[in-house]
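Please model the complete structure; the sequences and the hints are all you need to start from.
Next come the chains, spelled out residue by residue.
There are 2 protein chains.
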Amino acid sequence: MTSDSKILLSESEMPRNWYNLVPDLPSPPPPVLHPGTLQPVGPDDLAPLFPMALIEQEVTTERYVPIPEEVLDVYRLWRPSPLYRAHRLEKALGTPAKIYYKYEGVSPAGSHKPNTAVPQAFYNAAAGIRRLTTETGAGQWGTALAFAGAQYGLDVEIWQVRASYDQKPYRKIMIETFGGTIHPSPSNLTDAGRKILAEHPDSPGSLGIAISEAVEVAAQHADTNYALGSVLNHVLLHQTIIGEEALLQLAKVGATPDVIVGCTGGGSNFGGLAFPFLREKLAGTMNPTIRAVEPASCPSLTKGVYAYDFGDTAGMTPLMKMHTLGHDFIPDPIHAGGLRYHGMSPLISHVYELGLMEAVAKTQKECFEAGVTFARTEGIIPAPEPTHALAACIEEALRCKETGEEKVILTALCGHGHLDLPAYGRFLAGDMEDHALSEEAVATAIAGLPRV
Amino acid sequence: MTSDSKILLSESEMPRNWYNLVPDLPSPPPPVLHPGTLQPVGPDDLAPLFPMALIEQEVTTERYVPIPEEVLDVYRLWRPSPLYRAHRLEKALGTPAKIYYKYEGVSPAGSHKPNTAVPQAFYNAAAGIRRLTTETGAGQWGTALAFAGAQYGLDVEIWQVRASYDQKPYRKIMIETFGGTIHPSPSNLTDAGRKILAEHPDSPGSLGIAISEAVEVAAQHADTNYALGSVLNHVLLHQTIIGEEALLQLAKVGATPDVIVGCTGGGSNFGGLAFPFLREKLAGTMNPTIRAVEPASCPSLTKGVYAYDFGDTAGMTPLMKMHTLGHDFIPDPIHAGGLRYHGMSPLISHVYELGLMEAVAKTQKECFEAGVTFARTEGIIPAPEPTHALAACIEEALRCKETGEEKVILTALCGHGHLDLPAYGRFLAGDMEDHALSEEAVATAIAGLPRV
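Chains A and B are the protein sequences, given in the same order.
Residue 259 is where the first sequence starts when you use the working numbering, and the numbers rise one by one after that.
Residue 259 is where the second sequence starts when you use the working numbering, and the numbers rise one by one after that.
It is worth saying that the hints were derived from the structure and are not from the lab.
Some clues are possibly wrong.
When chains are identical, the list treats them as one kind, so a pair holds in a single copy or across two.
[Claimed, not checked] Straight-line Cα separation of at most 27 Å, DSS-like style, residue types lysine-lysine; simulated pairs:
| id | residue 1 | residue 2 |
| --- | --- | --- |
| 1 | Lys623 | Lys453 |
| 2 | Lys510 | Lys264 |
| 3 | Lys426 | Lys623 |
| 4 | Lys665 | Lys623 |
| 5 | Lys579 | Lys264 |
| 6 | Lys453 | Lys264 |
| 7 | Lys264 | Lys659 |
| 8 | Lys539 | Lys659 |
| 9 | Lys665 | Lys426 |
Shown next as structure tokens:
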């Protein structure tokens, strides 16, 4: 008799607080700077785009932030999310390791993104905002915000990178089903978009352009705010519910993780899982190795520099100290669209600099191979992003097979791949390329960093 | 404080038996007949296509059939499935009714189909079979069997109706990701397929042709069997785990259903949910109204005749007494592909004749409207098939709003609609037609029934 495949929490066991790592760190992360004055930004600098509750969460030094009842009510639609023991994957690998995965694909958008979209929509609605704007690449974040907006009566307007908008029509329909409005970017609805279109009528767009359009509209209307789906402290804060639940779930089966692996793009999924365990590590109650897995085509942690840089391509945001490949770096078009970001969350970058975690990079074919193995054994087709974590997870499990170690491995399966099946089709047909950034390309990319 | 949104069972609470309704009925269903002799078929007639364990389950008079441990092991990947209380939908409708939905979209295929695909694959593997063939329309059944085959080392070969194969590439990729082989039908791999292609090189195919191809290959190879995803008694038997779990879950919250609604195509999802409750109704422990919802374009229960007919278009199967629109009836191309079947499960047809359940028909725009309402409130985009049940569920809840009755409504949300988003796109764009079968069309369709 094997132990259960699923470790579940009741709704009454759902955590009532998000966890803020900052006060537990040996030193605080460097401040965010105003690009004009190079002085730390204040609440007033951010007020045109964000409600004060989120600005306060961005800089809070409280260890715990209570989750509002109105947010818990929506979380209950899919939270607590299940933690799975991957019995059938372990058996297929022949490993003595115990593999656990926390599955966020049960959410309305199919990923972890609603964990922050819901509170962001709530705080904006509570502040009297009527509309949210945002950008989306592959579409997970746009879907999450469209759903979240519908829960609090907010209109949600999304600029999606034109290339993705054309290639992934299912995401657009999902967003519209949840009641969101979606535009391809560049659009003729904004100055930023019109300027690009005038010069490049067939522009495929970029995340940077889409951000510019969404921010422009939010800045121009008093009833409209902007929402961001990763990178910022308050986003990672909201995602810590993943790790808090996983802690409770592992405790139920008496397991303590030896290795925690998660994929990193902007960092919110990884931080969400890892930070509560990092609290325990800092407190000395456990000592897991915490490992970020990034794409070799966009290796901000493993090959980028730790420096002040802009969050967007156009250079409109404040300057953040982070591991970056340069804000105008355009990653190769790998299928894990959610990992194609030039920088890393400043908080995760700081944790990395403190030596509290490690990072590895993977090329995509190894990741899709892991995704197929996972699908055939565990029955869930992973999104391309978490296949990076699964590849590292399988690598660790196979190491355990050699050494005989019965390590407990915990990973974040942050989303399903139902809308990413064409990428699997290409992999299965042998029609997929690997991309890895050369040292020369890294040097070129970071040459344009702002001098701070 | 509202009650929980999710009512969960632990794996140790998972039912250990499937339930067979037949011995509890006041009379047994009429026998299945050999089309040549018009005598009841015996095990030998079915042995070229099915393993003896399934043939025995097809005719068993035992009330309970134990679920093998090897099947429970795979079920545990997603079972017990959650039962949800639709708090946010109730609130949006302003109804005093309590709506519960049993969600089968958490399975590997995204629907209830793996509940029978897994035991079918298991019994075939146990009988020494190496390969399974089947047909699939929209693709849910093919996906389920591909996944199930992978669990027991069986090759799975699937003939998909050409039109669906071309229109729904995501399903093909999902099947291949799980390790299945898929061919568009008609194919040049079988006599049946070659014959059609010779006459109609551009044939879009049909479920009937695909069945003929799959059956032909299975009949010709000793190591190959055929598998069917609905209609037959053993398929409905396996699906009763849905209703058995739902009974336990409702008991946990002290709720007794007043109305049970489910969509019907071949009938396995509906029977799976309803039969355990029908057992209770026959025993007098509860008295729910049990309501089938079928598409107005394919109304076998509400407009068909109760007569002996073939299960497939080509007339190769035994004759089954069922509600049918005639085996050569081709339903209009509604988006709920899983409900486009000319007949109804003989067991459900018999239950309907006994007056133990009722049936209604819905056109698809009302159903998609219900699907969008559900998605925006509950966060799950339903497959087109269960939107039929949801439309009837919402209708009942709004009736309760008028009368003030606090009825308990239970429905089966048998799958998610992630791979059906183009249909939502058409609905949201106002580009969807309603189809309802006229009396004249019914009369024409049933004119060709075999004379038995």
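Check your understanding: When no copy is specified for Lys510 and Lys264, does a C-alpha distance of 27 Å or less occur within a copy, between copies, both, or neither?
Key -> The answer is both: 11 Å in one copy and 20 Å across copies each meet 27 Å.
Could you place Lys579 and Lys264 in one of the four classes (within, between, both, neither) given a Cα distance threshold of 27 Å? Classified as neither: same-chain Cα gap 39 Å, cross-chain 42 Å, threshold 27 Å.
Quiz item: Which holds for Lys665 with Lys623 at a C-alpha limit of 27 Å: within a copy, between copies, both or neither?
Solution: Within one copy, since 26 Å is at most 27 Å while 53 Å is not.
request  = Could you figure out if Lys623 and Lys453 sit no more than 27 Å apart (CA to CA) within one copy, between two copies, both or neither?
outcome  = Neither, since 38 Å and 41 Å both go past 27 Å.
Q) Checking Lys453 and Lys264: alpha-carbon separation at most 27 Å within a copy, between copies, both or neither? A) Neither: 52 Å inside a copy, 49 Å across copies.
Review point. Quick one: Lys264 to Lys659, C-alpha cut-off 27 Å, is that within a copy, between copies, both, or neither?
Key: within (23 Å within a copy, 38 Å between copies)
When Cα atoms must be at most 27 Å apart, do Lys426 and Lys623 count as within-copy, between-copy, both, or neither? Cα proximity of Lys426 and Lys623: in one copy and across copies (21 Å, 25 Å).
Quiz item: With identical chains treated as interchangeable, where does the CA-CA distance between Lys665 and Lys426 reach 27 Å or less: within a copy, between copies, both, or neither?
Solution: Neither. Shortest intra-copy (39 Å) and inter-copy (42 Å) distances fail the 27 Å Cα cut-off.
Up to 27 Å CA-CA - Lys659 versus Lys539, copy category
within (26 Å within a copy, 54 Å between copies)
Of the numbered hints given earlier, the model fails hints 1, 5, 6, 9; all others are met.
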